[in-house]
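Residue numbers (the numbering used here), protein chains in the order written: chain A, 3 to 181; chain B, 48 to 357; chain C, 1274 to 1703.
No wet-lab data here; the hints were simulated from the structure. If you're wondering where the values come from, they're calculated on a predicted model, not measured in any experiment. A portion of the hints provided could be inaccurate.
Ranges between beta-carbon positions, derived for each pair [to be verified]: (1) N142(B) / K1390(C): 43 to 49 Å; (2) I6(A) / G248(B): 57 to 63 Å; (3) P61(B) / D1350(C): 56 to 62 Å; (4) G62(B) / E1545(C): 48 to 54 Å; (5) A1466(C) / N142(B): 55 to 61 Å; (6) K1300(C) / Q51(B): 56 to 62 Å; (7) K4(A) / E1545(C): 55 to 61 Å.
The calculated lysine to aspartate or glutamate pairs, modelled on EDC-like cross-linking and capped at a C-alpha distance of 16 Å, are [unchecked claim]: (8) K1523(C) / D1592(C); (9) K85(B) / E85(A); (10) K1286(C) / E1349(C); (11) K1616(C) / D1551(C); (12) K137(B) / E1621(C); (13) K1574(C) / D1501(C); (14) K199(B) / E257(B); (15) K1355(C) / E1394(C); (16) K1701(C) / E1394(C); (17) K301(B) / E285(B); (18) K84(B) / E85(A); (19) K1474(C) / E77(B); (20) K1523(C) / D1551(C); (21) K1691(C) / D1326(C); (22) K87(A) / E77(B); (23) K1474(C) / D246(B); (24) K137(B) / D1326(C); (25) K301(B) / E257(B); (26) K1449(C) / E1467(C); (27) K301(B) / D263(B); (28) K137(B) / E1591(C); (29) K137(B) / E1663(C); (30) K137(B) / D1664(C); (31) K1474(C) / E242(B); (32) K302(B) / D256(B); (33) K84(B) / D118(A); (34) K272(B) / D246(B); (35) K63(B) / D90(A); (36) K87(A) / D70(B).
Don't be surprised by glycine CBs; every beta carbon is placed ideally from N, CA and C.
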Amino acid sequence: MKKIVLMNKEAVARSITRLCHEILEKNVNSKDIVLIGIHNRGVPLAQRIQSKVNEMIGVQLERGSLDITFHRDDFRERLVVPEVKGTDISFTLNDKVVILVDDVLYSGRTVRAALDELNSFGRASMVQLAVLVDRGHRELPIKADYIGKNIPTHEGEHVNVTLEETDDIDSVLLIREKE
Amino acid sequence: MLEQKHLLGLEGYPGKDIQTIIDTAFNFREVLDRPIKKVPSLQGVTIVNLFFENSTRTRISFELAQKRLSADTVNFSASSSSLKKGESFKDTSQNIEAMKIDAVVMRHPTPGSPKHLTNFIDSVIINAGDGTHEHPTQAILDMMSLYEKFGKLKGLRIGIVGDIMHSRVALSNIHGLKTMGAKVTLCGPPNLIPEHINDLGVSYSNNLDEVIEWADALNVLRIQKERMGRGLVPSTREYRSFFGITSDRIKNHKKEIVIMHPGPMNRGVEIDGSVADGDQTIILDQVLNGVASRMSILYLLCGGKTVEGV
Amino acid sequence: MGLEKISKNVLLKGGTIVDPYHNKTYKADIWLKNGDIFDIGNFDIPSSSDIIDCTGKVVTHGFCDLHVHFREPGREDKETIKTGSIAGMAGGFTRVCVMPNTNPPLDSPESVNFIMKKAQECPIHIHPIGAVTKGQDGRNLTEMGLMYQEGAVAFSDDGIPIQDGAMMRIALEYSKLIDVPVINHAEDECLRAEGVMNEGKISTRLGLPGNPDLAESSMVHRDLELADFTGAKIHVPHVSSAKAVDLIRKMKQQNDNVTAEVTPHHIFFNEEDLITYDTNLKVAPPIRSEIDRMALISAAKDGTIDCIATDHAPHTVEDKETTFDLASFGMIGLESCFGVVNKVLCKESNMNLIDLICLLTMQPRNLMGFDSDLFCKGSSAEITIIDAEEDWIFSKEHIKSKSINSPYIGKKLIGKIKYTISKSHIYKNS
């Protein structure tokens, strides 16, 4: 197994800043924006975007978290008890612009489940997707609105995002199973 | 997944699995607070509620849990069933199996019948009360409610008050609470306490005031009206005076005590209306936790394939 | 294999003869002519004989069971006198007493006669036990004298305990007219209540209503006192509790007219075996605690218990494959009997084989007044040939009864019946 560092702490920070700029550019009325982080690493990413935006324009966006466990489409095939982190959305999503935040966009199934689950909290006027990394290989017609970095991958390669909040270090690694 | 395929009773049920069920149930509590209280977890799963005995509350709680999980449910109750036409338990069971059911929730007046059902059918079986044996989902929702209130179960002192002899709720609570490290004292008329209950590692007292002083929480059992006058309990007023959770009794103790009741209550018999409606009771939390914990149980038992050979 | 009419000359060669009547064990051949014992000794073989090699086998008296239910008349779907006979032979039994709780019950000279007629066609000896009260109603005495003359050998309302002490007293007093035992299923119905298994820690855990040992012992106490008072013969069937054993042991010191039996299942199982809710273990009286089981084993060894009786109680699959409360009481027991009692009493509890054989042959015959000196020249052969050491797993194919309600299926037993000879027939087990 081989690990290649694609992004370090600084690169991750730069990407997040750029994501914030793009989000604010696209959504003029920032008061309607709510950030929803998808467990696990989407949650701290949403948190960082929230404070960065606050730093930039002095507005504290509303923020929640989403655990898609109960909406997974592969639950019946799994053999272990899923670790449920819990959803926390304490406000209605009616007429809001929801920015879903996750670390890696891959098959699209997580996002599909998240879109499904969002419906339980009201009818958002718009849902957009922000990810730190898009590694391709979509299995569903889903596309991100904001992408930190595109990392095309081959078979046998994985992308691993680590964040200080969850893993003590900010990095994006490319992992090759065999050399 | 969970160690056992079925949930037949809490005797010998692994503590870690009880904890998993309770933890997951709290996540379903959050689902129940959403504007739309439904998740698609059990889409395509078919569950039959097989009720050979009337039980409006338990059946509704299960049915709601199933619907919140997007399962398909069918209800079968003995009053409308072919059992009255002399069809055997085995035939009924196999008929249901033949209809491709994934799980069966069963209430039956005979102890051991859910276990018996496992001999005939392959579906997941959840015991919703088998006579005077066990009622595991009730005990799990009781424990969840205690956990919610106290943040722990280990070391808690729980008094179970009433007709222990004829109570499946008591037996499941005893097994579950002992497994989770709580202390249990039973309290009730001596003739309604089984002779051999000490073997289960619980204490017994017939002095309710002592038990109130000792306990963190009381689980007050329903005293069946049918027991009155059959010689088991001389009269309502005598029962109330010795074992009733009256408002005077609670006032006299001047202590914080949590009061639970599995319902339906006989106000003015085992519990006074003013106590039932008071601040120290968590009876309505139990009802809500009942739906959440049953969602958790159904989700964990019907959701995943069991490991090969288990 | 199976049942055959015996040929003119049969030689049982090279076996170990165990003769409980003369308390002797020795090696010899038994020569049968036309189904009768022609001679016992060492013989050269007449060329026309069938020879059965009994090397390493025990050749002993045919077993006698005082307590079976053959369900005829009324429930021929469960068992008939004919099928019960074959089940008996498979278990080494050549003589049985059938209980009267049939439909209609054996409560008249005519019904006793019905059994006697049926019995003639059977390869084993069958004796009816008459009901004590008409319709087993516990109130009106049957025509015990006339029934005795027709062939009834004892009286019992088996299955239904005689609750009324005065009725029991009358029955005991009247039985002295014909000097046969009265057998009372000893259970106080009020104390038993709805009980379906022994009351104890297991019933508490299973949530099943318990039947306390007191229900038996209090009734045994009453019956023993009444028997002592009236001077009649009393036989206590299927003793199940240590408390009842103590009472019987004590009464036997002063009264020779008291006898008692134990079933194989009460000494093989204990209440913990019911933890799976196996309805085949639902019997009356119930299988009790390990303490009770040990007390029964001691009682079988010290003579408090006079005989082993199977209480062979066939039930249909439908009667047993249901919920515990609805399941019928009783299990079959003839085919498995020897393997069970030999394992428990001889192999696990150091009883001598000849003493066990006494409990299965001479003692039950003596207490019913049947001839128990069977190894005599000229007598009609009632012989059981056993391999007392064979380990085997009891399974469905060993069951010859019409019913299969046996909790022994899958259990390892020790000691197997090889041949049973009775009424000029020989039965060979596979």
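Verification of the hints:
1. Between N142(B) and K1390(C) the beta carbons are some 45 Å apart, a value that agrees with the proposed interval 43 to 49 Å.
2. Checking the proposed 57 to 63 Å range against I6(A) and G248(B) shows it holds: the Cβ atoms sit about 58 Å from each other.
3. At about 45 Å, the CB distance of P61(B) to D1350(C) disagrees with the hint of 56 to 62 Å.
4. Between G62(B) and E1545(C) the beta carbon distance is about 24 Å. The supplied range of 48 to 54 Å is therefore violated.
5. In this structure, A1466(C) and N142(B) break the distance hint of 55 to 61 Å, their C-beta atoms being roughly 34 Å apart.
6. Distance hint check: the CB atoms of K1300(C) and Q51(B) are about 58 Å apart, consistent with the given range 56 to 62 Å.
7. In this structure the supplied range 55 to 61 Å holds for K4(A) paired with E1545(C), their Cβ-Cβ distance being about 59 Å.
8. Among the hinted pairs, K1523(C) with D1592(C) is inconsistent with the structure: their alpha-carbon atoms are about 39 Å apart, more than 16 Å.
9. For the suggested pair K85(B) and E85(A), the alpha carbons sit about 19 Å apart, so the restraint of at most 16 Å is broken.
10. With a C-alpha separation of about 39 Å, the suggested pair K1286(C) and E1349(C) falls outside the 16 Å cut-off, and the hint is violated.
11. For the hint linking K1616(C) to D1551(C), the alpha-carbon distance of about 22 Å lies beyond 16 Å, and the restraint is violated.
12. Of the supplied pair hints, the one linking K137(B) and E1621(C) is violated, its CA atoms being roughly 38 Å apart against a limit of 16 Å.
13. As the CA atoms of K1574(C) and D1501(C) are separated by approximately 24 Å, the hinted pair breaks the 16 Å bound.
14. At most 16 Å may separate the alpha-carbon atoms for a hinted pair to count; K199(B) and E257(B) exceed this at roughly 23 Å.
15. A hinted pair counts as satisfied when its Cα atoms are at most 16 Å apart, and K1355(C) with E1394(C) qualifies at roughly 8 Å.
16. Distance restraint check for K1701(C) and E1394(C): the Cα-Cα separation of roughly 19 Å exceeds the 16 Å cut-off, and the hinted pair is therefore not satisfied.
17. The suggested pairing of K301(B) with E285(B) is violated, with an alpha-carbon distance near 24 Å, which exceeds 16 Å.
18. Straight-line distance between C-alpha atoms of K84(B) and E85(A) comes to about 20 Å, which puts the hinted pair past the 16 Å bound.
19. A threshold of 16 Å between alpha carbons decides the hint, and for K1474(C) with E77(B) the separation of about 41 Å lies outside it, so the pair is violated.
20. Restraint check for K1523(C) and D1551(C): the C-alpha separation of about 35 Å exceeds 16 Å, so the hint is violated.
21. For the hint pairing K1691(C) with D1326(C), the CA-to-CA distance comes to about 11 Å; that is within 16 Å, so the pair holds.
22. Only pairs whose Cα atoms come within 16 Å are accepted, and K87(A) paired with E77(B) is accepted, the gap being roughly 11 Å.
23. Restraint check for K1474(C) and D246(B): the C-alpha separation of about 7 Å stays at or below 16 Å, so the hint holds.
24. Taken as a hint, the K137(B) and D1326(C) pair is broken in the structure, with Cα atoms around 48 Å apart against an allowance of 16 Å.
25. Between K301(B) and E257(B), the direct Cα distance comes to roughly 13 Å. Compliance with the 16 Å bound is thereby established for this hinted pair.
26. Note on K1449(C) and E1467(C): the hinted pairing is violated, with a Cα-Cα distance of about 35 Å set against a maximum of 16 Å.
27. At most 16 Å may separate the alpha-carbon atoms for a hinted pair to count; K301(B) and D263(B) meet this at roughly 13 Å.
28. As the CA atoms of K137(B) and E1591(C) are separated by approximately 9 Å, the hinted pair is consistent with the 16 Å bound.
29. Proposed proximity of K137(B) and E1663(C) is contradicted: the alpha carbons are some 37 Å apart, above 16 Å.
30. Under the criterion of a C-alpha separation no larger than 16 Å, the hint pairing K137(B) with D1664(C) is inconsistent with the structure, at around 34 Å.
31. Pair hint K1474(C) plus E242(B) holds up; C-alpha atoms about 8 Å apart against a cutoff of 16 Å.
32. The suggested pairing of K302(B) with D256(B) holds, with an alpha-carbon distance near 12 Å, which does not exceed 16 Å.
33. Only pairs whose Cα atoms come within 16 Å are accepted, and K84(B) paired with D118(A) is accepted, the gap being roughly 13 Å.
34. Restraint check for K272(B) and D246(B): not satisfied, since their Cα atoms lie roughly 29 Å apart, outside the 16 Å limit.
35. About 25 Å separates the Cα atoms of K63(B) and D90(A), which puts this hinted pair outside 16 Å; it is violated.
36. Between K87(A) and D70(B), the direct Cα distance comes to roughly 10 Å. Compliance with the 16 Å bound is thereby established for this hinted pair.
Figure legend: structure checked against the earlier numbered hints; hints not met, in rising order: 3, 4, 5, 8, 9, 10, 11, 12, 13, 14, 16, 17, 18, 19, 20, 24, 26, 29, 30, 34, 35.
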